[in-house]
Amino acid sequence: MLKQLCVIMLLALAGCSSNNHFSDIATSNVAGQYFNDDGFGNQTNLILHENGRYESTIEGVAGVTSYSQGTWSNIGNKFFFHQKVIQIN
1 MLKQLCVIML LALAGCSSNN HFSDIATSNV AGQYFNDDGF GNQTNLILHE
51 NGRYESTIEG VAGVTSYSQG TWSNIGNKFF FHQKVIQIN
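1 is the number of the first residue of the sequence shown in our numbering; add one for each residue after it.
None of these hints come from the bench; they were simulated from the model.
Note that CB positions come from ideal geometry on N, CA and C, so glycine has one too.
Be a bit skeptical, because a hint or two may be false.
[Unchecked claim] The following label-pair restraints were derived from C-beta to C-beta distances:
| hint | residue 1 | residue 2 | range |
| --- | --- | --- | --- |
| 1 | TYR67 | GLY32 | 33 to 43 Å |
| 2 | ALA26 | GLY63 | 28 to 38 Å |
| 3 | PHE79 | ASN42 | 20 to 30 Å |
| 4 | VAL30 | SER68 | 12 to 22 Å |
| 5 | GLY63 | THR27 | 16 to 26 Å |
| 6 | THR27 | VAL61 | 31 to 41 Å |
| 7 | ILE75 | PHE40 | 27 to 37 Å |
| 8 | ILE58 | HIS82 | 16 to 26 Å |
| 9 | GLY76 | GLY39 | 18 to 28 Å |
| 10 | ALA62 | ASN29 | 27 to 37 Å |
| 11 | ASN29 | VAL61 | 15 to 25 Å |
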């Protein structure tokens, strides 16, 4: 019984090893439209374009409550979003 427990723990720990497999993700594999609905009337939309641009909206019960756009990049295993500030006069 103890031997089986040790084997299970060893396999579980081997699965938790650090593996930086995200650095090999191509932009074309990530680009696309992502959607999330929280079930309470709030929806989040994210569009990642292959050319490095993004658009994002958050829609609440009263309509669009937030919009942003800018650029995105994948460096290593992290995604970075740089918002473009739009000034309305």
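> Which hint numbers doesn't this structure obey?
Replying inline: Violated hints (numbers, rising): 1, 5, 9 and 11; every other hint is consistent with the structure.
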